[in-house]
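Enquirer: Next come the chains, spelled out residue by residue.
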Amino acid sequence: MMIRCSGKSGPKAVVLGLDGVPFTLLREYARQGILPNLANILGHGFRLEQMDASTPEVSSTSWTSFMTGVNPGEHGIYGFMELQQGTYKMHFPNFADVQAPTIWNILGKNPSGKGSSLERRYRDAIKGTYRSVVLNVPQTYPAEPMHGVLTAGFVAPDLRKATYPEEAYQYLKSIGYVSDVDASKAISDTDVFLGDLSDALEKRRIAFEHFLEGNSWDLFIGTVTETDRLHHFFFDAAYDPGHPRHGAFLSLYKGLDDLIGCIYRKFMDRTDGDGLFMTLSDHGFSCIRREIYMNPWLKREGYLKTDPGRQYFEQVDHGTKAFALDPGRIYLNIEGKYPRGAVKPGDRKNVLNEITSGLMALEDGEGNKVMKEIRENEVLYSGPLKEKGPDLVCTPHDGYDLKGTLAKQEVMGKAHFTGMHTAHDAHCVLPGGLETAGRLHIEGLARHILDHFAST
Amino acid sequence: MEERALPIVIVGHVDHGKSTLIGRLFYDTGCLPHDKVEEIRKRSAELGKEMEWAFIMDHLEEERRRGITIDIAHTFFKTAKRKYVIIDAPGHKEFLKNMMTGSSQAEAALLLVDISEGIREQTKRHCYILGFMGIRQVTVIVNKMDTCDYSRAAFTAIEEEIKRFLIQYEVEPTHIIPISARTGENVAKKGGKMPWFQGPTLLEALDGFITDESADRRLRFPVQDVYQRNGENIAVGKIETGTITRGQQVTVFPGASPCKISRIVKYGEDDVTVSHSGECIGLIVEGAELRRGQVLMNDTHAIVGDTITARIFWLLNDPYIAGSPLTWKLATQSVACTIDKIFRRFDPATLQIVETDAERINNSEIAEVRIRFEAPVVADKFSEIHEMGRFVLEAEGHPVAGGIVV
Amino acid sequence: MDHLSSLENKSIYIIREAYYRFKNIAMLWSIGKDSTTMLWLCRKAFFGEIPFPLIHIDTGFKFPKMYEFRDEYAKKWGLNLIVGRNEEAIKAGIRCDNVQKLLCCTELKTNALRQIIATYGLEGIILGIRRDEHGIRAKERVFSPRDDNFKWNYEDQPAELWDQYKTTASEDNHFRVHPLLHWTELDIWKYIKREKIPITDLYFSKNGKRYRSIGCITCCSPIDSSARNVDEIIHELETTHTSERAGRAQDKEDAYTMQKLRSLGYM
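Residue numbers (our numbering), protein chains in the order written: chain A, 14 to 469; chain B, 179 to 584; chain C, 657 to 923.
What the hints contain is simulated information worked out from the structure, not anything from laboratory work.
Careful, some of the hints might be misleading.
[Stated by the list, open to error] Computed spacing ranges between beta-carbons, pair by pair: (1) His576(B) to Arg323(A): 50 to 56 Å; (2) Gln771(C) to Pro124(A): 51 to 57 Å; (3) Glu744(C) to Asp518(B): 54 to 60 Å; (4) Ile200(A) to Gln771(C): 31 to 37 Å.
[What the hints assert, rightly or not] Over 10 Å on every C-beta distance to chain C, these chain A residues come out as not near it, computed from the model: (5) Pro158; (6) Arg173; (7) Gln183; (8) Glu389.
[Stated by the list, open to error] Facing chain C, a subset of chain B residues (Cβ under 10 Å, in silico): (9) Lys261; (10) Gln402; (11) Val414; (12) His454; (13) Thr510.
None of these values were measured; they are calculated from a predicted model.
All C-beta atoms, glycine included, are put in the ideal place defined by N, C-alpha and C.
Work out the full structure: start from the sequences and follow the hints.
Expert: Laid out in structure tokens, this is it:
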């Protein structure tokens with residue numbers, strides 16, 4: 014059964030991004046009656062499904078996979094932080110580094126010189142030029158001119174540079190919109206932090222409603238990031254009524270549910286239900302049992318040597334075979350690829366296998382295995398930017414948060430964070446009648462959205 | 179040796195495409211650093227529109243928010259012939275103060291006019307100021323020809339209007355050139371869109387400007403300071419015009435006392451026999467005790483005295499009331515003074531005389547005045563020697579007016 | 657008059673004017689190529705005897721070669737050298753890797769300078785910044801007033817007409833004088849070549865890399881280059897187009913991003 018649109022004003026789609034909101038949590042909360050608006054939507058022909066995030070499952074990669082509909086081998090974003098080609102210097106990729114066009118680029122007919130398998134597939138199928146409103150999607154900073162309105166999500170150091178066009182910035186400024194709360198006070202000043210989250214969520218709702226109202230839009234994407242922030246510090250409060258912050262946790266979810274309700278109502282008003290409505294998250298969450306520090310492990314096993322006299326990853330010293338970047342990416346220090354490369358290309362396979370078996374055998378000190386699976390670049394990525402990716406990506410069992418820090422000495426530990434990302438427990442709310450094949454993957458959603466616009 | 183850079187000012191209404199033109203000039207002459215080009219590409223509008231060249235000039239926060247350039251930005255670019263320093267003059271009334279500073283250093287000007295907008299009030303004001311500053315080399319650029327389909331008729335019509343208009347301001351343009359800063363037509367090269375236009379491209383017109391070297395003019399050496407080295411007094415300063423030769427006899431003004439140039443001193447150079455205009459040198463003289471403010475000359479044609487007739491441009495928001503105290507600054511002179519007669523004051527945009535024998539001068543007005551000094555000053559008519567004919571008036575340490583001696 | 661001479665003369669005029677106007681003035685010497693060129697111009701302006709002190713703001717993290725160079729030429733040229741350090745901040749261990757970049761610069765550089773200005777009662781500082789270095793600097797004036805909080809009110813700049821520079825006005829805390837404002841990077845190198853001005857060899861290529869600008873060892877990264885001397889650098893600059901500060905890690909946005917990531921458990 015296909016979704017047809019009335020044809021009066023053309024196809025419309027509203028997509029709500031709920032950063033880090035797990036399928037299991039939503040299902041449980043909806044069942045408990047904590048989310049009446051969501052429950053109402055689910056009762057009106059929509060279904061809630063579990064979905065897989067990108068690999069790695071960090072927000073920058075996952076949201077990029079969502080908005081471009083392709084894998085990192087085509088869009089080029091493998092994490093929040095990369096090393097600049099041929100060096101050990103850190104680089105924080107931004108939207109300019111995204112090498113594939115987004116859904117709104119394709120719909121707005123401005124791929125800005127970028128190409129991808131998705132773009133090629135839909136180039137001729139999309140007949141019209143459609144206007145998009147894209148609010149707070151991570152990895153879209155700095156804002157590039159496009160057909161519509163955009164304000165970038167995480168990381169957005171400057172709101173004006175994050176927003177297109179100028180009038181949209183003026184509006185956001187006037188309502189005191191905040192692109193991200195200050196998470197550094199989550200533990201030291203928890204009440205303030207929780208207050209900030211609630212305020213930020215409120216401003217999001219106001220902004221979403223404003224742009225849904227005033228603008229003529231064809232595609233609307235609005236993402237809420239407050240949930241992810243809450244989860245990092247207080248995920249252990251999600252199901253535990255005894256937790257001192259359980260009330261605050263539920264309260265934020267109530268706010269979220271209100272937002273979902275408002276947006277859905279606006280959607281219904283605008284389209285009489287003849288449009289596409291979806292919600293999704295970029296990954297799930299689970300409680301942290303242990304943090305696992307990859308680089309100290311590599312050091313202990315003799316794969317990594319560091320020179321403490323240098324900064325950050327410049328510390329990678331001669332004789333290093335591999336180093337790790339957040340969250341579970343492993344790069345081989347190949348001769349010719351890096352300045353102090355020590356692994357001969359011919360030895361690559363051997364080193365990869367060694368590291369893989371070593372890590373797969375890693376236990377948490379209580380007899381539990383840390384790693385769920387470790388996969389190679391070969392099987393994970395395809396596309397012109399495949400080589401830019403890590404050689405191995407580790408996916409841990411729930412509870413073991415992998416870290417790429419160089420600052421620790423021990424292999425395991427615990428910090429003040431209580432929630433970690435999970436790759437298998439993202440969610441998607443979609444029309445009951447929308448045909449999908451197999452398990453949902455975040456990369457596959459773009460096609461469904463574009464199909465909706467191609468069906469005219 | 180590389181020729182000195184030619185300072186030029188680009189004047190025009192804010193919407194007429196000035197920033198776009200500057201960006202275009204940079205790009206077409208290959209003067210944009212690669213990473214700036216990348217920056218601009220990413221900040222530009224899509225959907226078939228050209229790059230927003232104007233972003234290269236938009237650095238201040240205020241600007242971006244308000245969409246206009248508010249201050250002088252000095253930017254450099256070069257052609258095969260020479261280097262140019264663009265002094266980007268803004269186009270709004272409230273920034274005239276800044277604009278005067280920019281124009282004051284320019285030796286040639288591009289007057290930018292939008293084909294569909296024509297000549298605006300601001301343009302008229304700028305023309306007057308250009309003439310006022312003695313900028314004789316002006317090329318008129320008629321921009322946005324792409325919006326009227328490169329119409330010859332439209333251009334011819336505006337060309338006529340421009341010529342008629344400029345005559346009033348005693349400005350004779352070297353060329354009137356139709357261009358499109360956005361598409362680059364006629365900027366660096368002709369793209370074939372206006373085959374009927376026989377004149378030069380904008381860059382060719384720029385290369386045709388003459389740099390003014392005041393080589394064999396009358397000597398004017400204002401003393402900037404006096405230093406003691408090895409028991410001798412060295413008078414330092416810049417030769418504004420003329421040349422100084424070792425052994426030359428000169429006269430010190432005010433006072434008209436004679437003195438002889440014993441030695442010309444330049445650090446690192448042993449035997450300097452002659453120095454030219456523009457050079458900062460030290461002088462050891464016989465027959466006079468020099469001090470800052472005095473001017474060494476080789477003729478008697480300068481204006482020396484305690485009154486001067488001048489044309490001034492009032493910069494302050496508060497009006498000037500005749501008789502109020504001011505400080506005059508010309509070259510290295512700083513003398514207390516007052517304006518005791520305001521002959522006429524007028525609105526520079528319309529050239530209308532607002533009042534004769536006035537008691538006050540309002541913001542942004544031009545006035546012809548008599549300035550009375552507490553001690554004698556040395557100056558030249560602006561039209562004869564620019565460097566000794568332009569001055570600043572200050573009140574309480576702030577510049578309040580710029581002017582020229584007439 | 658040729659281009660370099662015209663730049664040189666204009667700078668000398670500005671320097672002499674600054675000395676005349678301010679009773680108490682000093683020049684900031686960062687040991688880099690621009691300020692060493694400015695120092696050279698000062699020596700010319702004052703016939704070898706600079707009548708005011710040179711200030712080196714030392715963060716403690718400068719390249720060792722810079723310190724050597726500084727001491728050698730301070731002696732050779734008979735300079736009255738003042739070294740300014742924010743001792744408290746240095747003792748407190750403020751460095752670029754454990755603190756945000758901006759904060760480090762503020763504490764170790766800006767506040768050290770503030771201390772010096774207060775200690776010596778300086779009315780004016782001479783600095784070697786150029787207009788072509790970066791956008792916001794393109795709007796600086798030759799004589800630029802700074803108020804007590806070191807803020808530069810760029811929207812309301814005093815008019816600078818015809819070599820008449822605004823040098824009085826009681827509400828200004830101190831003035832900044834910029835004699836090199838009209839010079840470009842290439843001009844500086846050509847002048848260094850013409851005058852044979854000594855500069856530290858950090859600017860010259862070693863192992864395929866050289867520093868395009870030098871400051872704290874923690875924040876400056878070298879660029880790829882094979883230019884081993886001034887001539888080769890001039891040639892390189894004439895044929896490449898990268899902005900000078902590309903090597904300097906003072907990227908506010910990266911610092912912001914890092915701080916954000918840290919607060920969420922990354923890095």
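Enquirer: A separate judgement is required for each hint: does it hold in the structure or not?
Expert: Hint by hint, here is what the structure shows:
| no. | hint | verdict |
| --- | --- | --- |
| 1 | His576(B) to Arg323(A): 50 to 56 Å | 52 Å, holds |
| 2 | Gln771(C) to Pro124(A): 51 to 57 Å | 54 Å, holds |
| 3 | Glu744(C) to Asp518(B): 54 to 60 Å | 58 Å, holds |
| 4 | Ile200(A) to Gln771(C): 31 to 37 Å | 35 Å, holds |
| 5 | Pro158 | 20 Å, holds |
| 6 | Arg173 | 13 Å, holds |
| 7 | Gln183 | 19 Å, holds |
| 8 | Glu389 | 24 Å, holds |
| 9 | Lys261 | 7 Å, holds |
| 10 | Gln402 | 5 Å, holds |
| 11 | Val414 | 6 Å, holds |
| 12 | His454 | 7 Å, holds |
| 13 | Thr510 | 8 Å, holds |
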